[in-house]
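Student: Taken in sequence, the protein lines are chains A and B.
Residue numbers for the first sequence follow the working numbering, beginning at 1 and rising by one.
Residue numbers for the second sequence follow the working numbering, beginning at 1 and rising by one.
Hints are computed from structural coordinates only; laboratory data are not their basis.
All figures in this text were calculated on a predicted structure; none of them were measured in a lab.
Backbone N, C-alpha and C fix where the C-beta goes; we use that ideal spot for every residue, glycine too.
Be aware that a few hints might be false.
As the list claims (entries may be wrong) - Below, a list of computed lysine-lysine pairs in the DSS-like style, where the Cα atoms sit at most 25 Å apart:
no.	chain 1	residue 1	chain 2	residue 2
1	B	K99	A	K54
2	B	K107	B	K127
3	B	K207	B	K60
4	B	K127	A	K54
5	B	K110	B	K127
6	B	K106	B	K125
Stated by the list, open to error - DEER-style ranges, computed between Cβ atoms:
no.	chain 1	residue 1	chain 2	residue 2	range
7	A	I285	B	T108	37 to 47 Å
8	B	G182	A	G115	44 to 54 Å
9	B	T150	A	V170	26 to 36 Å
10	B	S181	A	S119	53 to 63 Å
Here are the chains, one letter per residue:
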Amino acid sequence: MSVFYTWLRELITQLAISGTVPRILFYEFVINALFCAIIIGPLLGCVGTMIVAKRMAFFSQAVGNAALTGVAIGVLIGESYTAPYLSMFTFCIVFGILLNYTKSRTRMSTDALIGVFLSISLAIGASLVLFVSARVNTHILESVMFGSILTVNDLDMNVLLAVAAITLLVGLPLYNRMLLASLNASLAQVRGIQVQLIEYVFIVLVTIITVACVKIIGAVLVEALLLIPAAAARNLSRGLGSFVYNTMIISTLSCFGGILIPMQYDIPVPSGGAIVLVAAAFFIITTIIRNVIPGFKEAKM
Amino acid sequence: MQGPAIHVENLSLSLGASLILKNMSFSIAAGALHCFAGPNGGGKTSTARCLLGQMPHTGKIRFDNSSPQITAYVPQLIEMERTLPLTIDNFLTLITQDKPAFMSTKKTAKLLIDSALEITGLTSKRKYMIGSLSGGERQRLLFAQALIPTPTFLVLDEPMTSLDEGGSQLFESLIMQMHASGTTVLWINHDLEQVQRLAQTVTIIDKIVVAHGPVNSTLTPAMQRGVFTKHIEEAA
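Next up, chain B with everything else stripped away, as it sits in the complex (with noise of 0.2 Å):
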């Protein structure tokens, strides 16, 4: 399985009167592992829905696949349905089979939803409901969700922020495997220290592509001073 190359070609995206990508070109390699950084409200989740087809945007965006495609997202930590008496077996469930979640589950769905939850520590809490979960709980679920089907191109949304320390490794490493199975993945990451060590390479994002290219020549500690100080010295 190879995931696959993403090459954007003058990407821009507007929502009112406000330009929140301008004139956007980059390319990421087939089965790269690949980060998004930048400051807040840069436009990295903006670009990141671009890519999913989720936004009004124009430019070219284009897949170069092998093998059919197979997208899985992992968005940032969401608030979970409170009102539905729904249970984390039910969500997997819902989105395993296309028989009715309130049935029984299928056999084979059943087995990718036990792979998944043992495979994001969840298992021992497949009955709670989902409105209950701590944000990490709710954060293992968005993952475990992504795990089925096993996907070629991933893309996840700053998926640590609400995670232990142990959750914090457990999601690195299998972040690590998808990638050395071949998966494309896709990272918007505030931690630069990860980017740095466990990226190849890497987009920042602010407005417009500030720089693109392998970590090591790309995140320079200069270009960090620049870009993520930026801000802060706007605000003084």
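Bound conformation, chain A alone (with noise of 0.2 Å):
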């Protein structure tokens, strides 16, 4: 792949000294901040939706947390601190899993739950990080939390295109069996959909798809882009189709704006901020439409 990305940058940067494209597209860290963004945009929108159907905003949140624990455990067993994915997908994979587990054996809401789960990982997560920060003197909770898209890698490109591809080629055609189980277990049961595994396959994903993302954005804008662009969408919405494409498209438009914007204009705003506070603005904007235009309204209650 690395082959691959050398190709696309030299030729965006030819193109950007030839002022075909922007200048700004000079920058190599630039191109593969764009280059995330275009997968990372959709890949979150389409995931929001669902996220939003089976009510687990907050899940992708727990895992972020739980990611702190595996770059900590990462340090301990000695991985490169920067890239401890080894350790991150491990533990964030079975930390997923327990959840889940636990959710089909107690009668708790599933919001509840994970909040019970995403305080506790929070806790062991930066316990554990104090305790081999001494070791690496590196702001691990700060890089965990708000990642950096402006310095990502090679590494870091491949994998999140390996997620995207998983997530592609798992989560699509199990996508209308996914949302049938969130909306009434007990008719996807009877139309021979196990409902359970494909739970777990979920949760599976949603893990996988926050951990590639963390070292890029940071597991709080990963949370930040499940949810926003899907909140923006859904004021607009008149159906799943126009729901899904316009969360990927505002979920892409986010990252695009969160990135350039700031540059362009020397806005001394770092870039993950920048992505959600542009995600904020659609969502506004959008909630303004809804409530001007009498075409958008719905019942209040």
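Dock chain one against chain two, each of which comes alone in its own frame, and use the hints as you go.
Tutor: In structure tokens:
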């Protein structure tokens, strides 16, 4: 893949020099960031619609917190502290599966259970990170929570591409079954859908997506990009098709806007924060449209 | 097409500390229109859900099929998703094709959906969001999904609760048509007049099998008084 990335970067740099594309694309880190944005935008947008349907809004936050522990374990067992993917993936998948296992064995609602796991994972992660930070002298907590899309390297992009491919290959064919299982498990079961199994598949998909995005945009931002575009798109959508596509478009535009606007206009805002702010702007605008244009009004109660 | 015959032996169900069903044994003939009747909380829905494989029951349940079994379920009126912008069309696409429902609907799927909507009288409402449907419309939608694909075993859990007069007549004739085409119909029904008029066999359930057999000899006036007034007397 590195050959491809190099070719792509050289091509875009040449185009930037010749003035075909904006000058800002002269920089390698900008091209890398936009490459990630073009994958992360649609990916998180599409998965976000399912997250909303399943009422698992804070699950990815919990996984993001668990990633902290993953990083700490990685440092302890000697993985590179800048990319401890093995520990992060392993620990977070175990964490996700454990959460789902517990969910099917308690009568608690999903959001409450996720809240419990979220707190536990943050506590363990923060404790372990403090313990290991003496060894590596780095701001692990900050980098996991907020990431840095402007410092991604080829390995990060490879991991992201692989996760996106898995999601496409596994998630798309199962999309309808996942959605029906969350709408009504009983109806889904009668139709031969293995509701429990499909829940685990979804949990693992969201987990690996979150982990792949943590280094790039950070746990907090993954959460934001899973929810805000879907919320914004919901305001304007009158069917599933427009909802999913609007979400993907808003999510991708937010990523692009968040990366390019601060650079273009020399605004001293980090890209992560800017991405969320652009998404939030979409949400505010669509909420206003929904309340002003009569065609979008629905019952309030 | 011929629906399955169903044989139930010593079916028991406990949830937590409470015994819901106790040692139930009965059979339903292939292609029968069979009703479950009994007082509220007697375990009719639980029994049906045992047959659907959704309960941690003990005992044996056997289906004898001459052709591959296709099961359809019309649950009790459920609250529909309000968060998602999901239309009737989206919902039916979801159950009809593997291609994600947010993409286009396949031609073959569309034919099935059109027909199910036509039959249940929902064609003009296909773009409505399911969260905004009235009780009767939701019941029509739940019935429409049960028609795709055509089932050999149809389980109905009080499908007429919120229907208007026209809807009730429509559902009744649809159920009779499916029964005539060989589908085994299991119908949880409170309306004893309707049970008497339409069903061939009936099981009266109140934790145990109180009575089981052909409607005329089972649903006698004495039985009706005995089972259905018991709870009123207990309350008094």
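Student: Does each hint fit the structure? Answer for all of them.
Tutor: Structure-based check of each hint:
no.	hint	result
1	B:K99 <-> A:K54	holds, 20 Å
2	B:K107 <-> B:K127	holds, 18 Å
3	B:K207 <-> B:K60	holds, 17 Å
4	B:K127 <-> A:K54	holds, 23 Å
5	B:K110 <-> B:K127	holds, 14 Å
6	B:K106 <-> B:K125	holds, 20 Å
7	A:I285 <-> B:T108: 37 to 47 Å	holds, 40 Å
8	B:G182 <-> A:G115: 44 to 54 Å	holds, 51 Å
9	B:T150 <-> A:V170: 26 to 36 Å	holds, 31 Å
10	B:S181 <-> A:S119: 53 to 63 Å	holds, 56 Å
Hint compliance for this structure: no hint is broken.
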